[in-house]
Amino acid sequence: MPMKISYFIFLGFFTILALFTVATAVNLRLSEKVNENSEFFEKSTTVVRSSNRFQRNILNMISGLRGYLFTGESSFLQSYDSAVLENNDLIHEMELMTFDSSSQLQDIKQIKALNNRWLQEFATPLINAKRNADLSDSSLQAFQRLYREKLNTGFEKQINNRLQAKLRDFSNYEYDRRAQRKITLEQSIKETRTISFLLTTVSVAIGLLIAGFLAYRISTRMVQLVRMADEIAGGNYLVHVEDSGKDELSGLASALNHMSKTLSENIALLKRKNRELDQFAHIVSHDLKAPLRGIDNVATWIEEDHLDELSPKVKEYLALIKGRVVRAENLIRGILSYARIGRESIEKEMVDVGKMLQEIQESIPMKPGVSINIAANMPVFVTEKLPLQMIFTNLLNNAITYHDKSPGEVTISFESEKNEYRFCVADNGPGIAKHYHDKIFVIFQTLAERDQHESTGVGLAIVKKILDERNETIKIVSQIGIGSKFIFTWSKH
1 MPMKISYFIF LGFFTILALF TVATAVNLRL SEKVNENSEF FEKSTTVVRS
51 SNRFQRNILN MISGLRGYLF TGESSFLQSY DSAVLENNDL IHEMELMTFD
101 SSSQLQDIKQ IKALNNRWLQ EFATPLINAK RNADLSDSSL QAFQRLYREK
151 LNTGFEKQIN NRLQAKLRDF SNYEYDRRAQ RKITLEQSIK ETRTISFLLT
201 TVSVAIGLLI AGFLAYRIST RMVQLVRMAD EIAGGNYLVH VEDSGKDELS
251 GLASALNHMS KTLSENIALL KRKNRELDQF AHIVSHDLKA PLRGIDNVAT
301 WIEEDHLDEL SPKVKEYLAL IKGRVVRAEN LIRGILSYAR IGRESIEKEM
351 VDVGKMLQEI QESIPMKPGV SINIAANMPV FVTEKLPLQM IFTNLLNNAI
401 TYHDKSPGEV TISFESEKNE YRFCVADNGP GIAKHYHDKI FVIFQTLAER
451 DQHESTGVGL AIVKKILDER NETIKIVSQI GIGSKFIFTW SKH
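Just so we're aligned: 51 in the UniProt record's numbering is position 51 of the sequence shown, and the numbers increase by one with no gaps anywhere.
Treat each hint with caution, since some may be false.
Calculated cross-link-like contacts (lysine to aspartate or glutamate; reagent style EDC-like; alpha-carbon spacing at most 16 Å) [unchecked claim]: (1) K182 - E36; (2) K43 - D100; (3) K485 - D438.
Here are the in silico distance ranges between beta carbons for each label pair [stated by the list, open to error]: (4) R53 - R29: 32 to 42 Å; (5) L214 - N236: 22 to 32 Å; (6) L146 - R49: 30 to 40 Å.
Please keep in mind that the hints were generated in silico from the structure rather than gathered at the bench.
All figures in this text were calculated on a predicted structure; none of them were measured in a lab.
Cβ atoms here follow ideal geometry from the backbone N, Cα and C, with glycine treated the same way.
All chains should be modelled from the sequences, with the hints used to inform the complete structure.
See below:
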């Protein structure tokens with residue numbers, strides 16, 4: 001079973017994390033070893049220093065002893081006594097510092113024994129004899145006899161030689177321990193550096209391998225999915241992408257395939273419904289226009305054949321009937337136009353807006369006393385002509401139909417901006433109350449009674465729908481009794 005991308009990422013992450021954890025542990029262990037060796041070297045330095053101090057104290061003891069024996073001055077015993085006391089402390093200190101080495105402890109034990117033997121069997125008896133020598137001649141002779149005996153036997157020299165040898169052995173052994181520790185530490189540092197380098201290299205290699213694999217595995221498939229999405233956005237709903245994986249991208253590919261299939265089916269259904277709706281609209285409009293034309297023809301025949309026989313009231317009714325027929329035909333035509341907006345593909349062409357407005361002015365019915373003024377230098381650009389023509393036609397029809405002043409004026413102007421034109425259709429008519437500004441763009445909504453103005457309530461709805469389909473805007477600036485301005489935008493591109 002193929003591994004999900006998220007699982008693969010987590011596995012790679014935890015692998016790298018584990019390697020770095022091992023590297024950290026190794027370096028931590030090295031740090032502990034360094035600390036241990038630092039403590040060892042500190043203690044070893046203290047031990048060697050104490051050993052050297054012990055040797056110097058022995059020399060001071062011998063020198064003080066001889067000075068006292070030759071001169072009898074007690075000042076020599078002061079240095080002797082202080083050396084004895086300090087050596088006792090040094091022995092105790094060295095025992096504490098070398099508790100982890102049985103060999104060193106054994107040497108200290110022997111050094112201590114030799115030192116005590118020298119004190120007890122040589123130094124102390126001579127000092128005591130010297131102190132008593134001044135009491136009597138016999139005591140003096142006893143001291144001299146003891147002194148010659150000690151010197152002749154070579155006891156002092158023998159003890160001192162053994163003591164110095166033991167101290168040298170003790171110091172040399174400590175130096176050897178330090179040298180061995182140094183070698184061990186250097187090897188540990190070297191091994192740690194090697195292990196850290198290998199682990200870091202492996203981690204980086206695994207990271208690069210995972211990144212490369214994911215980049216290849218994800219990017220190649222993402223390119224296919226993006227290409228598919230672009231095809232769908234471009235209107236090709238039959239596109240399909242093959243993906244045999246079982247991960248998250250496979251789910252996305254499956255969703256896109258399903259979406260493409262659903263869109264294709266829905267678009268096909270929508271096109272079929274639109275064709276049926278167009279066919280239905282044409283049939284309904286034809287079936288509705290036929291009786292309307294029949295009614296209009298009957299009214300015309302009555303007027304032509306019996307005009308002299310008709311009373312003024314009947315003539316008024318016939319005119320009203322013919323007006324209603326015209327309004328009904330305009331309503332049918334407007335509904336068809338409204339329904340077709342956005343469903344027909346319109347080619348762009350070069351449009352001279354000024355010329356187009358003149359054509360519209362000539363084609364729409366004008367109200368007596370109302371004139372249309374078109375600004376000079378209207379733009380000429382490539383755009384969809386029919387929608388723009390429908391907008392201007394409906395806005396001009398609306399302005400003329402509802403105009404209530406004579407003379408009346410409708411003005412068409414524009415402003416050029418960076419990416420769009422801003423057209424304005426202004427009149428000096430009755431104006432529109434603010435609370436009607438949104439309602440007038442709703443289909444079948446009119447401000448006046450339909451009997452007063454033959455209006456269908458479709459024109460401004462067509463304008464709004466055309467602009468909404470193209471993401472354009474329209475707004476109204478109006479005051480009651482002063483007039484209205486319809487300002488809309490139209491893209492240059």
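Cross-check of the supplied hints:
1. This hinted pair checks out: K182 and E36 have alpha carbons roughly 11 Å apart, not beyond 16 Å.
2. The straight-line distance between the Cα atoms of K43 and D100 is roughly 11 Å, inside the 16 Å bound, and the hint therefore holds.
3. The straight-line distance between the Cα atoms of K485 and D438 is roughly 14 Å, inside the 16 Å bound, and the hint therefore holds.
4. Between R53 and R29 the Cβ separation comes to about 36 Å, which falls inside the hinted range of 32 to 42 Å.
5. Distance hint check: the CB atoms of L214 and N236 are about 30 Å apart, consistent with the given range 22 to 32 Å.
6. Restraint check, L146 to R49: a C-beta distance of roughly 36 Å satisfies the suggested window 30 to 40 Å.
Consistency note: the structure conflicts with none of the earlier hints.
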